[in-house]
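Asks: The residues making up each chain are set out below.
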Amino acid sequence: MRGASAIQSVLEQHASAPLSVFVVWEPVLPTDWITPTSGVLARIRDPRAVQFWDPDRRLSAKIIETRADPPPGGVVWDVVAVFPKGTRWENAFPSPVFQGYPVINAAEDLRKSLPAVLAP
Amino acid sequence: MKRGTLTAPLAALASVAAALSCCLPFGYLLAAAGLAGAGSLLEAGRPYLYVPSGLLLVVGFARTYLGKECRARRTRTGVVLLWTATAVVLALLVLPRWVGALLPRYTPAGQPPLATLSLPEFQKQFNDAAGRARIVTLLSPT
Numbered sequence: 107m108r109g110a111s112a113i114q115s116v117l118e119q120h121a122s123a124p125l126s127v128f129v130v131w132e133p134v135l136p137t138d139w140i141t142p143t144s145g146v147l148a149r150i151r152d153p154r155a156v157q158f159w160d161p162d163r164r165l166s167a168k169i170i171e172t173r174a175d176p177p178p179g180g181v182v183w184d185v186v187a188v189f190p191k192g193t194r195w196e197n198a199f200p201s202p203v204f205q206g207y208p209v210i211n212a213a214e215d216l217r218k219s220l221p222a223v224l225a226p
Numbered sequence: 006m007k008r009g010t011l012t013a014p015l016a017a018l019a020s021v022a023a024a025l026s027c028c029l030p031f032g033y034l035l036a037a038a039g040l041a042g043a044g045s046l047l048e049a050g051r052p053y054l055y056v057p058s059g060l061l062l063v064v065g066f067a068r069t070y071l072g073k074e075c076r077a078r079r080t081r082t083g084v085v086l087l088w089t090a091t092a093v094v095l096a097l098l099v100l101p102r103w104v105g106a107l108l109p110r111y112t113p114a115g116q117p118p119l120a121t122l123s124l125p126e127f128q129k130q131f132n133d134a135a136g137r138a139r140i141v142t143l144l145s146p147t
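Protein sequences, first through last, are from chains A and B. Each residue of the first sequence is one higher than the one before, counting from 107 in the working numbering. Each residue of the second sequence is one higher than the one before, counting from 6 in the working numbering.
Excised from the complex, chain A in its bound form:
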């Protein structure tokens, strides 16, 4: 969950940037038994965020379809990706211009990647 807080911190540094944020919570660890609580959801409080609960890890599976090498454990998680303006998801999940994991370690690179993506 420190990753979520790290993303919130990056968003605060780009508070006025035209961004959409998709937060997908999925069960990965043995302790992920139930839908994330309000306390967990509050970790990312930026109003530009939309939060989802993906109990069957469908998005992870969809992303894996586009990868030549499956991720460790067969699950895409604790990852953050950035898509520039204009990118559309047509047949396959699109490739990001930046991705990093674990999120807590990728937060600084995420912050650095945003100005280029947000440039007009």
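Some clues are possibly wrong.
What the hints assert, rightly or not - Here are the simulated distance ranges between beta carbons:
1. A:A222 to B:Q128: 24 to 30 angstroms
2. A:L135 to B:L108: 16 to 22 angstroms
3. A:T172 to B:V84: 54 to 60 angstroms
4. A:P178 to B:A114: 34 to 40 angstroms
Stated by the list, open to error - Just a sample of chain B residues kept apart from chain A, beta carbon distances all over 10 angstroms, derived:
5. G59
6. L60
7. V63
8. V64
9. F66
10. A67
11. T69
12. L71
13. T80
14. T82
15. V85
16. V93
In short, the hints are calculated from the structure, not lab data. Even for Gly, the Cβ is constructed at its ideal location relative to N, Cα and C.
Once you've looked at the hints, dock chain B against the given chain A.
Replies: Then chain B, alone, in the frame of chain A:
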């Protein structure tokens, strides 16, 4: 702090706990159910909260059905509470998704309500936001 300074209050606390456990055995049961309930809210701590819940229930059953050192009567209320607490703990343990689903989930102010992910809907929202840069993150709740 001198040893006596610390042990005296600890002994007093232990004595009170022992007395309460004898006269009010269903205190254990409320604690058991409470710990299990807290476990449904505090995901990361759940395994650690269920262990004392189970132990407290065992103590409750022992006090109710096996206890001989107490003279307190086994009351109908106590038995009902014991089995109610057991049902609550088992429900939280065995059916956490269903029990957890009963709890409200609130997203922070300004965000839409939490949605269960549907790929077509997610894809639509992703494409609808194509006029802006987007961040997508996949996270574990704990």
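Asks: If a hint holds in the structure, say so; if it doesn't, say that too.
Replies: Hints versus structure:
no.	hint	verdict
1	A:A222 to B:Q128: 24 to 30 angstroms	25 angstroms, holds
2	A:L135 to B:L108: 16 to 22 angstroms	19 angstroms, holds
3	A:T172 to B:V84: 54 to 60 angstroms	59 angstroms, holds
4	A:P178 to B:A114: 34 to 40 angstroms	36 angstroms, holds
5	G59	16 angstroms, holds
6	L60	20 angstroms, holds
7	V63	23 angstroms, holds
8	V64	25 angstroms, holds
9	F66	25 angstroms, holds
10	A67	29 angstroms, holds
11	T69	30 angstroms, holds
12	L71	33 angstroms, holds
13	T80	35 angstroms, holds
14	T82	31 angstroms, holds
15	V85	28 angstroms, holds
16	V93	16 angstroms, holds
Every hint, counting from the list given before, is met by this structure.
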